[in-house]
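Modelling step: build the complete structure from the supplied sequences, incorporating the hints.
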Amino acid sequence: MHTFESLTSETEQETVTTIPSGGYALLRVAFGETLVLTDEDGGQAAQIIPVVAGDHRDRFSSANTMAINKTAFFTNGHIFYSYFCQEMMTIVGDDTGSHSLLPSPLGSEGSPSYTAGQHSQGLLAEVAASLETEPQLMPFPFQAFVQHDLSADGKVSAPKSGSAKGHTLALRADMDLDVAIVNNPFLLAGSPDDRIISARILPTNREV
Amino acid sequence: METTLVDRAPLQDFVIPARHGRAFEVEQGSTIKFIDVDGQQCADIIAFNRDNLKERMSPFRSVSLAGKIYFTTGDQLVSDDLEPLLTITSDAVGTHDILCGSCSPGMNRTRNGGLGAGKRTCHVNFVEQLRQYNVAPEDIPYSLNIFMNYPIGPTGQMEYATCKSQPGDAIEFRAEKDLVVVVSNCPQELTPLNGFNPTSSRIQVFGAQ
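These protein sequence lines are chains V and B, in that order. For what it's worth, the numbering used here labels the leading residue of the first sequence as 1, then goes sequentially. For what it's worth, the numbering used here labels the leading residue of the second sequence as 209, then goes sequentially.
Worth flagging that the hints you see were computed from the coordinates, not collected in a lab. Predicted model, so just to flag it, every value in this text is computed and none were measured. Glycine included, C-beta positions come from ideal geometry on N, C-alpha and C. A portion of the hints provided could be inaccurate.
Here are the simulated lysine-lysine pairs, DSSO-like style, with alpha carbons at most 27 Å apart [unchecked claim]: (1) V/LYS70 x B/LYS385; (2) B/LYS372 x B/LYS276; (3) B/LYS241 x B/LYS262; (4) B/LYS241 x V/LYS70; (5) B/LYS372 x V/LYS155; (6) B/LYS385 x B/LYS276; (7) B/LYS372 x B/LYS385; (8) V/LYS70 x V/LYS155; (9) B/LYS372 x B/LYS262; (10) V/LYS160 x V/LYS70; (11) B/LYS385 x B/LYS262; (12) B/LYS276 x B/LYS241; (13) V/LYS70 x B/LYS276; (14) B/LYS241 x B/LYS372; (15) B/LYS372 x B/LYS327; (16) V/LYS155 x B/LYS276; (17) B/LYS276 x V/LYS160.
Stretches of chain B that chain V covers, calculated by requiring three or more beta carbons in the stretch to come under 8 Å of a beta carbon on chain V [said to hold, decoys possible]: (18) 272 to 280; (19) 314 to 326; (20) 337 to 351.
Cβ-to-Cβ under 10 Å is the rule here; a few derived chain V residues that face chain B [stated by the list, open to error]: (21) ILE68; (22) GLY93; (23) GLU134; (24) ARG172.
Here it is as structure tokens:
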């Protein structure tokens, strides 16, 4: 199994890992630690995929998370649930204010959004391999900084980023987790491909 | 859109008891008709390619392809690779949920604590029915929830409401491949989904025309 990087040390000094566009990081976040993502350049989106440390059969469930929280748009206080309904992470800090779990529309085949969507799935397949998970078992990720409009008849708008330069999203681990963080430029069709997202882990009991 | 199945004899015709599920196989081109016998009953439906069980229905990819969250006649349920598996060909109600997956023991525990203990759930129904196909519990895909009334407001908020289906209301699907289909009559009686009274449903399968 892949060895996941822990960003905390015995001296509890933070280590920041930067994730370039098109890249991803695999991090171990222990119970009580807080994962803080920062949109360093603004206008970005990232995918977050927590899985239970040591047992990747139980992984983030967007369906259970929406059903139990009774919302499709997430912010402070909302909880991520796993496939078997374990509490995985709690949002404890949010500068952006809303993050959508709705799937973005692909558009018609051959369109830029469709092509971007396919590239996005390709990137997730790479992440799946690192998690030693079959691609069809990869969960639909949490979409940090992504926002959608939803019409009364259920149409989902093209995605946009709700984050400004320096915006952070803080997630407290409610159990030991392995977390994949994907700086996915294909989430927002046409977004620049040179921007970074940083991740750091605050030790237990240190506030955001 | 109304059914085109008038005066045709089904190849399969069975009742799924309240709170239970049933797996069945269909050939490409078949029509699956789900009938809400007593009204106000929702059911979860999942599907697999019969010849490759790793090809599974993906509600989230289906939403991406359709660009919307409310499905009805003409909409397709596709696999993770966007392969069509089921097409809705007739729909008497027009209200279904595709985002919230299936109820499970964990969900009952989280939402209802001790009250939810020991009650049947859709995920348990799926596990039981898919054991014969060696599908592990954690490999069961999310479902389309037939007639489930769980609308989402403009700010993303959701609230359970009772199914709008009346006795005899039906939805029909065309199988786009040879499939293993599993339908679970939602056992939920702690939320208003089924009017706090889960009931049976009827499945008919008609051959390709």
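Tested hints:
1. V/LYS70 x B/LYS385: 34 Å, violated
2. B/LYS372 x B/LYS276: 20 Å, holds
3. B/LYS241 x B/LYS262: Measuring from Cα to Cα gives roughly 25 Å; hence the hint holds.
4. B/LYS241 x V/LYS70: 30 Å, violated
5. B/LYS372 x V/LYS155: Distance of about 21 Å is within 27 Å: holds.
6. B/LYS385 x B/LYS276: Distance of about 23 Å is within 27 Å: holds.
7. B/LYS372 x B/LYS385: The given pair, whose Cα atoms are some 30 Å apart, is violated under the 27 Å limit.
8. V/LYS70 x V/LYS155: 19 Å, holds
9. B/LYS372 x B/LYS262: Roughly 34 Å between the alpha carbons, so the hint for B/LYS372 and B/LYS262 is violated.
10. V/LYS160 x V/LYS70: Given pair V/LYS160, V/LYS70 holds - Cα atoms ~22 Å apart, limit 27 Å.
11. B/LYS385 x B/LYS262: With a Cα-Cα distance of about 14 Å, the restraint between B/LYS385 and B/LYS262 holds, given a limit of 27 Å.
12. B/LYS276 x B/LYS241: Within the cut-off at roughly 23 Å; holds.
13. V/LYS70 x B/LYS276: Within the cut-off at roughly 18 Å; holds.
14. B/LYS241 x B/LYS372: Within the cut-off at roughly 18 Å; holds.
15. B/LYS372 x B/LYS327: 24 Å, holds
16. V/LYS155 x B/LYS276: 4 Å, holds
17. B/LYS276 x V/LYS160: Between B/LYS276 and V/LYS160 the Cα gap is close to 16 Å, so the pair holds against 27 Å.
18. 272 to 280: holds (count 7)
19. 314 to 326: With 5 residues closer than 8 Å to chain V, the stretch 314 to 326 of chain B meets the three-residue bar; holds.
20. 337 to 351: holds (count 4)
21. ILE68: 6 Å, holds
22. GLY93: 19 Å, violated
23. GLU134: This interface hint holds because 7 Å falls under the 10 Å limit.
24. ARG172: 18 Å, violated
Of the numbered hints given earlier, the model fails hints 1, 4, 7, 9, 22, 24; all others are met.
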